[in-house]
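Given these sequences and hints, build the entire structure.
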Amino acid sequence: MNNIVAAIIGFIQLLPYQYFRSFHYAHHRYTQNPDLDPELIDKKPYTRRSLLLHVSGLPLWGKNIRSIYRHAIGIVDEAYLEKRDHSKIITEARLHVGAYLAVLILSLAYSNDWFWWYWVLPTLLGQPFLRLFLLAEHYGCDLSDNMLQNSRTTYTLPLVNFLGWNMPYHAEHHYLASIPFHALPALHAYTGQQVKTKGDGYYRVIREVFTLTKNQ
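Here this note's numbering is used: the first residue of the sequence shown is 1, the next is one more, and so on.
Possibly wrong hints are sitting among the right ones.
[Unchecked claim] Simulated restraints, written as ranges between beta carbons of each label pair:
| id | residue 1 | residue 2 | range |
| --- | --- | --- | --- |
| 1 | G192 | L143 | 35 to 45 Å |
| 2 | I73 | V103 | 19 to 29 Å |
| 3 | H28 | K88 | 18 to 28 Å |
| 4 | W165 | Q193 | 19 to 29 Å |
| 5 | T211 | W114 | 40 to 50 Å |
Hints listed in this document are in silico derivations from the structure and should not be mistaken for laboratory results.
Model, not experiment: these values are computed from the prediction.
We treat Cβ as the ideally placed atom computed from N, Cα and C, and that holds for glycine.
Below is the structure:
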C-alpha cells in the first residue's frame, strides 16, 4: 500500500518514487554534506532573487522534467544513485513519460482542461507553501554530520504538525529516521534540549532564511 500511494503521489508531483527513495536515502545518509547530500550538490548560495524563484517551484519542476527525460533515455549518472537501482529508475521514468503523454493526448483529443484545473494549477499554487516549509528543515543549519546540529526543529501549530506528519520535528526525524512520524514529539521530549537550531514558528524562520541570503 505504501508503494502504491508513493507511486501515485510521485506521478502527480513529477517525482518518480523509486528515484526519490534513493535520493532521500542519500539525503539522510549525507545530510548537509555539500559534496554528497543531493539537496546541496551543485547548489549555489541563494540570493534574494534566486530564493524567490526557488520558492515558486518552477526550477524544481524543470529539474524534475529533465531528470525524468534523462532517465527515460537511459542516462542515470547521479553519483548518489546505486547502480543496482538504475534499471528500476529507467523503467519507472519510461512508464512516467508514457503516462504523461497519454494524459496530454487524451486531454487534447477531448478538449478537456481538467488536468490544468485539477492537477497542474493546484500543484503550482501549493509549491510556494511546500518550498518554504522545506527550506526551514536545513537552511542556515550547520554543515555537520551531527543530526541534532544540521537540521532545524520548528515549533508550530498542531494542525501544521498533523498535516506535515510531524516533520517540523525535523532534527528528531534525522536523528532517528526509523522512528515513526507519530512518535517524533515524544522523541523531542528527550532530545529537544540538544537540538542546536530551533525555530519559533515558520514566519520567524522564513524571515531568518531571507536575512541569510544576499540582497541581490
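Each hint, compared with the structure:
| no. | hint | verdict |
| --- | --- | --- |
| 1 | G192 / L143: 35 to 45 Å | violated, 22 Å |
| 2 | I73 / V103: 19 to 29 Å | holds, 20 Å |
| 3 | H28 / K88: 18 to 28 Å | holds, 19 Å |
| 4 | W165 / Q193: 19 to 29 Å | holds, 23 Å |
| 5 | T211 / W114: 40 to 50 Å | holds, 42 Å |
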